[in-house]
Amino acid sequence: MKKTFTKFALAGLMASTMIGGAAAEDTIKVGILHSLSGTMAISETTLKDAMLMLIEEQNKKGGLLGKKLEAVVVDPASDWPLFAEKARELIEVNGVDAVFGCWTSVSRKSVLPVFEELNSLLFYPVQYEGEESQRNVFYTGAAPNQQAIPAVDYLMNEEGVERWVLAGTDYVYPRTTNKILEAYLKSKGVAEEDIMINYTPFGHSDWQTIVSDIKAFGSAGKKTAVVSTINGDANVPFYKELGNAGIKAEDIPVVAFSVGEEELAGLDTAPLVGHLAAWNYFQSADTDANAEFIDTWQAFVGDDNRVTNDPMEAHFIGFNMWVEAVEKAGTTDPDAVIDSIVGVTVPNLTGGYSAMMPNHHITKPVLIGEIQEDGQFETVWETSGTVVGDAWSDYLDGSKDLISDWRAPMSCGNFNTATGKCGGSGS
Amino acid sequence: MRSGETFDDKFIQVRLPTLTRLFKAGGPMSLLKSILVFFCLFAGLTGQAFAQADAESLRNLVNELAKGKYAETEQQIEALVATGNPAAAPVLKALGVGNLYFRKSDNAVFIARKSGKTFVLTDPLTLEPTGEAGKREIKKIKVNNKLRRVVRAALGSLTLQAPDPEVRRSAASAIFKAKDPDSIPALNVAIAAETDDGVLKVMEQARAAAVLNSDLDASDKLAAVATLSEMGNRDALSLLIGLQSTAEGDLRDAAVSAAAKIEKSIAAWDTAQNVWYGLSLGSVLLLAAIGLAITFGVMGVINMAHGEMVMIGAYTTFVVQELIRTSAPGLFEYSLLIALPLAFLTSGVIGIGIERGVIRWLYGRPLETLLATWGISLILQQAVRSLFGPTNREVGNPDWMSGAFELGQMTITYNRMWIIVFALVVFAALMLVLKKTPFGLYTRAVTQNRRMAASMGIRTPWIDALTFGLGSGIAGVAGVALSQIDNVSPNLGQGYIIDSFMVVVFGGVGNLWGTLVGAMTLGVVNKFLEPYAGAVLGKIFVLVFIILFIQKRPRGLFALKGRAVEA
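Protein chains in written order, with the working numbering: chain A, 1 to 427; chain B, 1 to 567.
The reader is advised that the hints may include incorrect statements.
Unchecked claim - Chain A is faced by these chain B residues, among others (derived, beta-carbon under 10 Å):
(1) K177
(2) L240
(3) E248
(4) D250
(5) V525
(6) K527
(7) A535
Read the hints as simulated data drawn from the structure, not as lab findings.
Please read all numbers here as calculations on a predicted model, not as lab measurements.
Virtual Cβ for every residue (Gly too), placed ideally from N, Cα, C.
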């Protein structure tokens, strides 16, 4: 029994290396590092499929530099240290030229040293807390100034909100984002007692106390709103409780940064109409490019009801930027691509263009959408142009003096303008 | 309402020839008659013309909604309300819920409802069906939260005198929320005419809210404060606190004391509310743990795949609802009742399969059981993920499970209430099975003294399998209930496995009453800690508390005594 197993395993290994060896000659390999099992599979599996679709589409157009693209998919299984191992495997064993992947900030932090050491490229497609700029990483999701700050501005100006509940899951993204938001709100003259900050564990499912706290906090004679950085699965019971407790968007609106079309797919949205989300893309965006993207996606997964979401658009932009930068450089060599990708501009799906900035963040429009009965968002407000992603927040001590510019001669991710030195502190 | 207009046009065309004929008839008598008739007709005609002009202008106002952005829409709504015409109410209602569309070709406004790939159009004023339109022919009139508020207030003032008391009540509460001083005259009229005491109260409260917002005398406002003080809930408190920052003198004092009084009563209710939340959390814990109390507590199997049995129960609910949605939508309200036995059977059969296939080879080897069942839990999760996809699945709440009602100053949501009831029913049923049926007798016999039971002719392997199946089936039933409050994803079970073990160990292994008391205690303790310590710290405190408790009483709250323990 044991022997046969070893034999099989050996045969499997040989077969895979042989395929790898034969294909290495005429394909460019692209690594996909998204969890296909474990807690994050719920969000990340979709991104794996989106990448496969983008690669297939590019191959239909004739590939890249005359070669076909080949996707290498690995499963880091929502296990953060495994992300680093799988990233190393992708780069060293499979020899990929660029990796598209990660969702949670902790998984990104875990792979950073690997990409630095092996000098490869990572395209990170999810909105994150900022306070980071790495030479080998391209942040195609939103920085806080491309999502959180405009959302708060919207509530303040359009809805007249004066009292704020900052509710989040207890980990690095909500904590940093809320720190930035708190500093921002105070700079706008919001008093300490008008801000309530609340953290819950991952996968929190009993929201009764918090929802009733929000209700109580909202009955102090001032317009109240909830800014939610609640992540992943915890959102469904949260919104169910909100709906059942009768908290209407007209009275206490909730604006979420981690709730997209995909998350709403598991919910009856009728009681939630009017609650908000801030993203850089909604499936409801009324452009030809978006209609084509949705059609291709639904045909690719063979499901007419599958939704698209913001991180998918981020991969769409990131992938096209990489393709263009490789074509510009004429090679897939990481150093050449890092030089050529800054300034590359590609169309996004909301009718504009996104450009890669020297700080390895991109320009994006900011959209505020309200949840509709059919589980889609309707854009109720958007920035007039695109917003440049800011790696280092202007509202935090210790990061407001920092800038990032990866072009020569500066080539620094955290240049301190106060001391004039590269390598200032960041959290 | 094109059809309506043509009707009016025809009406006039018919009338005019009649008039001319009358004049031609001649004769003094007939002249007098005809003058009379003429006047009557004229009056009728002008009335008709006015009504027509009204309808016409209303239609124009409605069609205006097709133009402009949010700010313009707001003005257009105000113009509609200014007509005071109740015919505008359905238009506003449709606008508020996002069913109002306009046709791109001629900017005509319709109420549209999606049916399949097309939209069914209804005339917004006559409410008669006017055909269908494709998705690309019509466009939705966008509303945001601000507009929804405006619509809500507008509907309030338009429907304040509606015949249905429920409509009047919701109209009054809409005005309460809008606190628009302009609605005071309308409220006065409505209050004078109101016959229903309950509605009258809501109207007076709405008037009080509007009065506080107006520039009426201090005496009026003092009366309003008294009304709100009597109302005594958070909404009233919110208004009174708001008043404190603007009012002066007596009024301010009255507001402060009224607010203090309300705060005191709310604080008392808060304790009751916390107990309720605790019981609700406890009932969820009980549901999740009760199956484990059998497999782990009674049989002593460390079953790490227990959470997955819950998950399978939840997915069974999903499948049942999907089937109902496609084949018999009328049964949706009963979907949970239909899902219950099916979930019990599915999880139970899978449980028996696991027991027969894996666990029975591992009795007496707890570490290996733990690892094997952990492996099974991963296999089940991945199987469900491949079968149903990694994303959340929507399990709908039937109407009787949605919404909430107020009990004093407490808000009680229906789904939580039914889950408490359900948990207790499941518990009672399980007790009954174990204490009053032959199967329960055999189970107790086998777990207390296996060899003696075997000697008495009980087929112990089958009792093992069936007991494990019973525990798993109960977990599946719990999944049906949990699908109503949590998300149905492959990870559903993982969130409950630790809590379940905690409850069983705390309550006392082998004792179902211990599980009940343990679950409720942990729930209430957790909910009393949460407001002070926060959800994260609260959970940590509960864990520390249990660890300390187990140090003191290793066998849990209700320890089994006697020879069974030694066996």
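Here is what the structure says about each hint:
Because the beta carbon of K177(B) sits about 7 Å from the nearest beta carbon in chain A, less than 10 Å, this interface hint is met. With a cut of 10 Å, the hint placing L240(B) at the interface with chain A holds, because the nearest CB-to-CB distance is about 8 Å. The interface hint given for E248(B) is broken, as the beta carbon of that residue sits about 16 Å from the closest beta carbon of chain A, more than 10 Å. Interface hint status for D250(B): violated, as the beta-carbon distance to the closest one in chain A is roughly 19 Å, over 10 Å.
Of the supplied interface hints, the one on V525(B) is violated, with its beta-carbon coming no nearer than about 13 Å to a beta-carbon of chain A, more than 10 Å. This hint holds: K527(B) has a C-beta 6 Å from the nearest C-beta of chain A, less than the 10 Å allowed. For A535(B), the shortest C-beta to C-beta distance to chain A is roughly 4 Å, which falls under 10 Å, so the interface hint holds.
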